Amino acid sequence: MTAEDARFPKGAPARGPRALIFETGSPESRCVLAPELDVPDVSLDTALAGCARVQAPALPHVTEGEIARHYHHLASMNFGVDSGSYPLGSCTMKYNPRLNEDVCRLEGFAGLHPYQPVGTIQGALELMVGLADALAEITGLPGVTLQPAAGAHGEFTAMMMFRAYHAAKGDVRKRIVIPDAAHGTNPASVAMAGYEVTTIASDANGAVDLDALKAALDTDVAAFMLTNPNTLGLFDPNIVAITEAVHAVGALAYCDGANMNAIMGKARPGDMGFDAMHINLHKTFSTPHGGGGPGAGPVCVTAALTPFLPGPLPVRLDDGTFSVGWTDRSIGRVRSSFGNFGVFVRAYAYILALGGDGLRAASEQAVLSANYMKEKLKGTYPLPYDRPCMHEFVLSGSRLRKEHGVHTLDVAKRLLDYGMHPPTIYFPLLVDESIMFEPTETESLEDLDRMIDVMLTIAGEAASDPDLLHGAPYSTPVRRLDEARAVKQPDLRWRPSSAR
Amino acid sequence: MLRAVGATEIDELFESVPEAVRLGRPLDLPDGLTEMETAFALRALADANTPATALVSFAGAGCYDHYVPAIVDHVIRRPEFFTAYTPYQPEVSQGTLQNIYEFQTMICELTGMDVANASMYDGATAFVEAALMASRVTKRHKVVVAGSVHPEWRVVLRTYAASGNIEVVTCPVADGTVAVAAAAALMDDSTAALLVSSPNFLGHLEDLAALGEVAHAAGALFVVSVNPILSGVLEPPSSFGADIVVGEGQPLGNPMSLGGPGLGFFACRDAHLRQLPGRIVGRTVDVDGRGAFVLTMQTREQHIRRERATSNICSNHALNALAAAVYLSAVGVEGLAGVGRACVAKAHYLRDALLSTGTFDAPYSAPFAHEFALRYKGDPSVMHSEMLGRGFLAGVDLGTIDPGMDGLVLFAVTEKRTMAEMDAFVGEVASL
Chain A
1163 MTAEDARFPK GAPARGPRAL IFETGSPESR CVLAPELDVP DVSLDTALAG
1213 CARVQAPALP HVTEGEIARH YHHLASMNFG VDSGSYPLGS CTMKYNPRLN
1263 EDVCRLEGFA GLHPYQPVGT IQGALELMVG LADALAEITG LPGVTLQPAA
1313 GAHGEFTAMM MFRAYHAAKG DVRKRIVIPD AAHGTNPASV AMAGYEVTTI
1363 ASDANGAVDL DALKAALDTD VAAFMLTNPN TLGLFDPNIV AITEAVHAVG
1413 ALAYCDGANM NAIMGKARPG DMGFDAMHIN LHKTFSTPHG GGGPGAGPVC
1463 VTAALTPFLP GPLPVRLDDG TFSVGWTDRS IGRVRSSFGN FGVFVRAYAY
1513 ILALGGDGLR AASEQAVLSA NYMKEKLKGT YPLPYDRPCM HEFVLSGSRL
1563 RKEHGVHTLD VAKRLLDYGM HPPTIYFPLL VDESIMFEPT ETESLEDLDR
1613 MIDVMLTIAG EAASDPDLLH GAPYSTPVRR LDEARAVKQP DLRWRPSSAR
Chain B
-4 MLRAVGATEI DELFESVPEA VRLGRPLDLP DGLTEMETAF ALRALADANT
46 PATALVSFAG AGCYDHYVPA IVDHVIRRPE FFTAYTPYQP EVSQGTLQNI
96 YEFQTMICEL TGMDVANASM YDGATAFVEA ALMASRVTKR HKVVVAGSVH
146 PEWRVVLRTY AASGNIEVVT CPVADGTVAV AAAAALMDDS TAALLVSSPN
196 FLGHLEDLAA LGEVAHAAGA LFVVSVNPIL SGVLEPPSSF GADIVVGEGQ
246 PLGNPMSLGG PGLGFFACRD AHLRQLPGRI VGRTVDVDGR GAFVLTMQTR
296 EQHIRRERAT SNICSNHALN ALAAAVYLSA VGVEGLAGVG RACVAKAHYL
346 RDALLSTGTF DAPYSAPFAH EFALRYKGDP SVMHSEMLGR GFLAGVDLGT
396 IDPGMDGLVL FAVTEKRTMA EMDAFVGEVA SL
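Protein chains in written order, with the numbering used here: chain A, 1163 to 1662; chain B, -4 to 427.
Hint data in this document are derived by calculation from the structure and do not stem from the laboratory. In this text, all values refer to a predicted model and were calculated from it rather than measured experimentally. It cannot be assumed that every hint is accurate.
As the list claims (entries may be wrong) - Below, computed lysine to aspartate or glutamate pairings styled on EDC-like, alpha-carbon distance capped at 16 Å:
{"id": "1", "chain 1": "A", "residue 1": "K1336", "chain 2": "A", "residue 2": "D1264"}
{"id": "2", "chain 1": "B", "residue 1": "K411", "chain 2": "A", "residue 2": "D1611"}
{"id": "3", "chain 1": "B", "residue 1": "K372", "chain 2": "B", "residue 2": "D356"}
{"id": "4", "chain 1": "A", "residue 1": "K1564", "chain 2": "A", "residue 2": "E1623"}
{"id": "5", "chain 1": "A", "residue 1": "K1540", "chain 2": "A", "residue 2": "D1481"}
{"id": "6", "chain 1": "A", "residue 1": "K1331", "chain 2": "A", "residue 2": "E1406"}
{"id": "7", "chain 1": "A", "residue 1": "K1538", "chain 2": "A", "residue 2": "E1608"}
{"id": "8", "chain 1": "A", "residue 1": "K1376", "chain 2": "A", "residue 2": "E1406"}
{"id": "9", "chain 1": "A", "residue 1": "K1336", "chain 2": "B", "residue 2": "E302"}
{"id": "10", "chain 1": "A", "residue 1": "K1650", "chain 2": "B", "residue 2": "D265"}
{"id": "11", "chain 1": "A", "residue 1": "K1538", "chain 2": "A", "residue 2": "D1611"}
{"id": "12", "chain 1": "B", "residue 1": "K411", "chain 2": "A", "residue 2": "E1406"}
Please take these sequences and the hints and turn them into a complete structure.
This is how it looks when you write it as structure tokens:
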């Protein structure tokens, strides 16, 4: 034990790693007891035709108290939106309202089975129709499927609809054009949909290079995918010319809706000439990120694409009741049931609570907060694309690297010591040592000022003591990890043979 | 704040938005509500439903009403878990990362496989990803899918296959299970995988040993979907040569929630690790030598590999995986086996009792676990709605899913159903 460790006696509040749940408890520990059988028992070997399990799986032996402490400890090693500022660019880490966590758990929602008769799920269908209608109004695109489970899933869904749309016209197209600044899911979704990717470079302003786009467009192009506002947080001023050029060759324009939080009630992708987009309910509409999911990635499309929507679609009938329908040229299904209904409940509650004006105000505040931080930081951290940003902006850590040998990664790790989650780093690749801030509208002015102070303080530390940053973080439950070892010596599961 | 950014009004910040595409009017949405009004509005919508959980329900078909121990929801409601992002900053994400590592271990233990990922969207998409992975591993184009797999999953597979990345051939069914000889006849040297589900959509157990041999004889991978709630009582697919095991993990501690969010799980053999889709967590050490967890093998993933990634998946269902891990910790080995045994015993009891009324026929003789299909001698839709009025959700009327299954009713029995409820149900059905 080092001298430093001696400061923490056995029994001091936990701050480091914890034993696995498999190594917790004792063989006698139990939590929930198996139910007593109230029917005649069966011979499993007979009932299961000789396929009864021989060797039991190794699962934890723990009491409820041990479970509570285990996960309490794990929780204490995590950082969430409630823990502090979380300005992760392109992720929209806004506050998750607690009412929404309550209402999605109402038995009238959580207890629904997907194959119940429609007469018993009228409220759920009404909720889904209401959510789809609201998304159609917000995006300016009238056809909506709520089914995709995530943004990437929505991208894939739209690409498959594009394929069906072109095929219905007897038009076989092979390529989809994507700017180099796109999220990685864009090209991956394109490949999954069986298209080839053509990447075009951005122009000097970080926007779509119209000449490069036009050079890439021909009748072999099925679609152009664009994040707008883009991944630099900039609204593309040529957006109308872009979608017109795409349509001129018979291709479709797709909007990656990851940055929708900038423009609710201000501008609509449908009015910009986009034919389809996905919405990340877990970003723009405040549903929690869950440590990686579940989210939901509804897709909104033009009337021309509506016949290809996957089903089933919740619909409002003329008599005011609700039912389930399919379009005549539906691509099919992209997953089971209706979609991530529990996420829909939260998002709908959010939309009801904010209303149309509230959504616009949320976007305005998100944009104002980003511009405020940008102005206060750009003197210290270079801002390669210096114009008013939308809800996020991208700084460069290049000066710190050149002058002090401190990298953006070091800045990010040092932020952890100040109780703040780092911004997105090293994306987009257009910016050297990029630092992408998205504060969101739910950070107070005090929070914004503190983030600014911390960033300026760290720049000072980089100048006075660069090694302090190279060694950061210091205060976290674990410090920098040996990621190379994780790859070279894969340890991807616990094994019973390695038990005590 | 406006002054600090050199603006006098907010719209100056939106000047890069061309005039032509500015909305210029308020959104046509209702005014905002107070929290109390929002709560009442959502309560009213919830009250307009009759949830299966408020009925005596025998509905399954891929989504199941199991008991969820209280501790599960208390854990997943911890904001440190549910308000966190994907654990890309491992120093402050050890909670999420350690849980995923433990979840991966549990899935490996249930399925008998070597390695599992951090989760997929649902069983259907995990199933499709298995077909795509098999195609990458074998460099073959065709997959043979059992006609006894959930019809929705087969539609999802067909929808993905319209990409041209794979070709799907459906294997015929006899007595509610895969016709093994027919499966063998469909396999050839362009077949990447044979995909089956056991129990299958009708609840029947497939002859996995024979089907595994059929797959491997053609040099194809054997992909098996299982229901993990039965993993305490059913031999894992690894014993029958499965190369990839997937499934819907909702039964493990997750509410039905109208079928979503669910929990896709995905496990395979070590040899195919590099082709695995989705996130994986590994154990390593930090600079102080402390054991710690981190996302690893990321060169498979979309944010690094872009169009050459093994999948486009980014968001997964981490919080549902957390619920499943807490559930499995709470029930333990004995609890899981006990739940499985109760489901099997009760399902067998109900089937015998329903058949004894003379109002149902048994169209199949194949072995089953906790779900079975019977043919109703009258009109199933009339029976279904009559029983609804008496407080019972009488399984799933299969004719509403597939006209080819008209007349069949699929019953699932979980540990929540009591003998008294089943006896009451049987009595009421017989009296119609």
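How the hints compare with the structure:
1. A:K1336 / A:D1264: violated (46 Å)
2. B:K411 / A:D1611: violated (53 Å)
3. B:K372 / B:D356: Satisfied, since the Cα-Cα distance of roughly 7 Å is no more than 16 Å.
4. A:K1564 / A:E1623: Since the Cα atoms of K1564 (chain A) and E1623 (chain A) sit roughly 15 Å apart, the hinted pair holds (cutoff 16 Å).
5. A:K1540 / A:D1481: Violated. K1540 (chain A) to D1481 (chain A) sits at ~58 Å, over the 16 Å cutoff.
6. A:K1331 / A:E1406: violated (20 Å)
7. A:K1538 / A:E1608: Within the cut-off at roughly 14 Å; holds.
8. A:K1376 / A:E1406: holds (10 Å)
9. A:K1336 / B:E302: holds (14 Å)
10. A:K1650 / B:D265: Given that 16 Å is the threshold and the Cα spacing comes to 14 Å, the pair holds.
11. A:K1538 / A:D1611: Holds, at roughly 9 Å.
12. B:K411 / A:E1406: violated (59 Å)
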